[in-house]
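Chains G and B are the protein sequences, given in the same order. Under numbering that gives the first Met the number 0, the residue at position 173 of the first sequence is numbered 172, and the numbers go up by one with no gaps. Under numbering that gives the first Met the number 0, the residue at position 111 of the second sequence is numbered 110, and the numbers go up by one with no gaps.
Check before you lean on any hint, since a few could be wrong.
Stated by the list, open to error - Coverage of chain G stretches by chain B, computed from C-beta distances (three or more under 8 Å per stretch; other residues unrestricted):
1) 53 to 64
2) 87 to 99
3) 126 to 133
4) 136 to 148
As the list claims (entries may be wrong) - Under the rule of at most 30 Å between Cα atoms (straight-line distance), these lysine-lysine pairs were calculated in the DSSO-like manner:
5) G:Lys143 with B:Lys134
6) G:Lys194 with G:Lys20
7) B:Lys134 with G:Lys153
What the hints assert, rightly or not - Computed beta-carbon distance windows for the label pairs:
8) B:Asn155 with G:Lys143: 45 to 55 Å
9) B:His185 with G:Pro175: 36 to 46 Å
10) G:Asn8 with B:Arg2: 42 to 52 Å
11) G:Ile161 with B:Val1: 29 to 39 Å
12) B:Lys33 with G:Asp72: 50 to 60 Å
For the record, the hints were derived by calculation from the structure and aren't laboratory data. Just so you know, even glycine gets a beta-carbon here, dropped at the ideal spot from N, CA and C.
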Amino acid sequence: MSHSSVNINDYLGYVHKFVQKHMALREEQINLFIPYLEIRQFAKKQVILAGGQVENYLNLVVKGLVRKYILIDNREKTLQLATEGHVVQSEHSFYRRHASDMITEALEPSLLISIRHDNFQRCMETIDGAEQLARQLMTYMFIKKDAHYLYHVKNTARQRFIHYITHHPQMLQRVPQKILASYLDIKPETFSRMKRLLKVNY
Amino acid sequence: MVRALKDYLGRFIALSDEEFEEIAKVAEIRTYDKKIRLIEEGEQERYLNFVLKGLVRKFFLNGEEEVITQLAREGEIINSSVSFLSGEPSQYIVETIEPTTFISFSLESITRLYEQDALWQRLGRLIITDLYLQKETWELDRAAYNTQERFIRFVNDNSALFQRVPQKFLASYLNIQPETFSRLKHLLRTRSVVANKANYSN
Numbered sequence: 000m001s002h003s004s005v006n007i008n009d010y011l012g013y014v015h016k017f018v019q020k021h022m023a024l025r026e027e028q029i030n031l032f033i034p035y036l037e038i039r040q041f042a043k044k045q046v047i048l049a050g051g052q053v054e055n056y057l058n059l060v061v062k063g064l065v066r067k068y069i070l071i072d073n074r075e076k077t078l079q080l081a082t083e084g085h086v087v088q089s090e091h092s093f094y095r096r097h098a099s100d101m102i103t104e105a106l107e108p109s110l111l112i113s114i115r116h117d118n119f120q121r122c123m124e125t126i127d128g129a130e131q132l133a134r135q136l137m138t139y140m141f142i143k144k145d146a147h148y149l150y151h152v153k154n155t156a157r158q159r160f161i162h163y164i165t166h167h168p169q170m171l172q173r174v175p176q177k178i179l180a181s182y183l184d185i186k187p188e189t190f191s192r193m194k195r196l197l198k199v200n201y
Numbered sequence: 000m001v002r003a004l005k006d007y008l009g010r011f012i013a014l015s016d017e018e019f020e021e022i023a024k025v026a027e028i029r030t031y032d033k034k035i036r037l038i039e040e041g042e043q044e045r046y047l048n049f050v051l052k053g054l055v056r057k058f059f060l061n062g063e064e065e066v067i068t069q070l071a072r073e074g075e076i077i078n079s080s081v082s083f084l085s086g087e088p089s090q091y092i093v094e095t096i097e098p099t100t101f102i103s104f105s106l107e108s109i110t111r112l113y114e115q116d117a118l119w120q121r122l123g124r125l126i127i128t129d130l131y132l133q134k135e136t137w138e139l140d141r142a143a144y145n146t147q148e149r150f151i152r153f154v155n156d157n158s159a160l161f162q163r164v165p166q167k168f169l170a171s172y173l174n175i176q177p178e179t180f181s182r183l184k185h186l187l188r189t190r191s192v193v194a195n196k197a198n199y200s201n
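In isolation and in its complexed conformation, chain G is listed as follows (with noise of 0.2 Å):
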């Protein structure tokens, strides 16, 4: 993690509006959270937790690209794929507080609002309405895994990467194929052959 002048206190528009996204809290409740986040910044291909590790932060993607991935036989599966406004951590690791199996890096040098553990328990108990909010943000991230294996399961690899390509049409230029592939439970054979049949640029 790089050091910087990078403040807070610059993000508070970005922070009440994710927070107003699941929950309508003013923006002074809103405002007692912040001395518990901090930014933090990462380069491109900066790991930002490594195997091992117990996971410390549940972070939000104000800017860059992270990665989330585990190793299979010493394959990479990508797991998540987190752009701007995106939630990402090794969420069993920071629940659990055990051993992290899942790798996070950064793709794109990223800037994150995170919170620590620590400071995630405090806010939970101190600050009227975190409850809740943590609830409807766990709610919501639960509605989305699911929608997301359903998704997969029941689509085959075609049917995935026209509709990815098609949704997140900028992701073809700043995730390296392989990563794509693998994201997409696709083998990268396939992958390269679907993008010639459908012209796809890259």
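Let chain G serve as the given structure and place chain B on it in line with the hints.
Same frame as chain G, but now just chain B:
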């Protein structure tokens, strides 16, 4: 009977007798014969169910195939969770395997509890987080372990369920072809599989 629910909730939060009473008085006992569906695809989930006695499965349909995502026995919670949380039509079916008695909570009673006290917001958040982590574990196990490893992990972690759950359901839950499942079961009897279990347990 109440004891089992109290133990379950105690995993998340320490409740006084008075607090527990608040929950107990909105609980409904629901009893079903075996092979009865609590919710069909397309219906909206209105209950959160705690299994007091019995065995239940949850699955979705991928084409013709039933994909079992959860097996719940005594002391566990089961419902069509995403529909319950989102209000959207269920994509899952919940069906009893054995005659089952639930302690159930209606959506309305839980919503009322949330409005009463942040304590219930907290309990709700912790239970949703737990369900989220369970879902993630189930998904990751499917991706990270090969057929034989998934089989051995299940036998080691859930030997009681292994005896109780019909083989075709276990095979679906573990994403193992029925024929492969029979072969692994045979190997298990000859103990050649279990001898390797130390390699897989974490």
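For each hint, the structure was consulted:
1. Under the rule that three or more residues need a Cβ within less than 8 Å of chain B, the assignment of the segment 53 to 64 of chain G is violated, with 0 such residues.
2. Check on the segment 87 to 99 of chain G: 4 of its residues sit with their Cβ under 8 Å from a Cβ of chain B, so the three-residue criterion for coverage holds.
3. Only when three residues or more bring their CB closer than 8 Å to a CB of chain B does the claim for the segment 126 to 133 of chain G stand; here the count is 4, and the claim holds.
4. Note: the segment 136 to 148 of chain G has 9 residues with beta-carbon separation from chain B under 8 Å; the three-residue rule is met and the coverage holds.
5. With a CA separation close to 12 Å, the supplied pair lysine 143 (chain G) and lysine 134 (chain B) stays within the 30 Å bound.
6. Between lysine 194 (chain G) and lysine 20 (chain G) the alpha-carbon distance is near 35 Å, which puts this suggested pair outside the 30 Å criterion.
7. Restraint check for lysine 134 (chain B) and lysine 153 (chain G): satisfied, since their Cα atoms lie roughly 17 Å apart, inside the 30 Å limit.
8. Distance hint for asparagine 155 (chain B) and lysine 143 (chain G): a CB-CB separation of about 32 Å, inconsistent with the stated range 45 to 55 Å.
9. At roughly 44 Å, the beta-carbon separation of histidine 185 (chain B) and proline 175 (chain G) lies within the given 36 to 46 Å, and the hint holds.
10. For asparagine 8 (chain G) paired with arginine 2 (chain B), a C-beta distance near 51 Å keeps the hint of 42 to 52 Å intact.
11. A hinted range of 29 to 39 Å for the beta carbons of isoleucine 161 (chain G) and valine 1 (chain B) is inconsistent with their spacing of about 53 Å.
12. Between lysine 33 (chain B) and aspartate 72 (chain G) the CB atoms are about 40 Å apart, so this pair departs from the stated range of 50 to 60 Å.
In terms of the numbered hints stated before, the structure departs from hints 1, 6, 8, 11 and 12, listed from lowest to highest.
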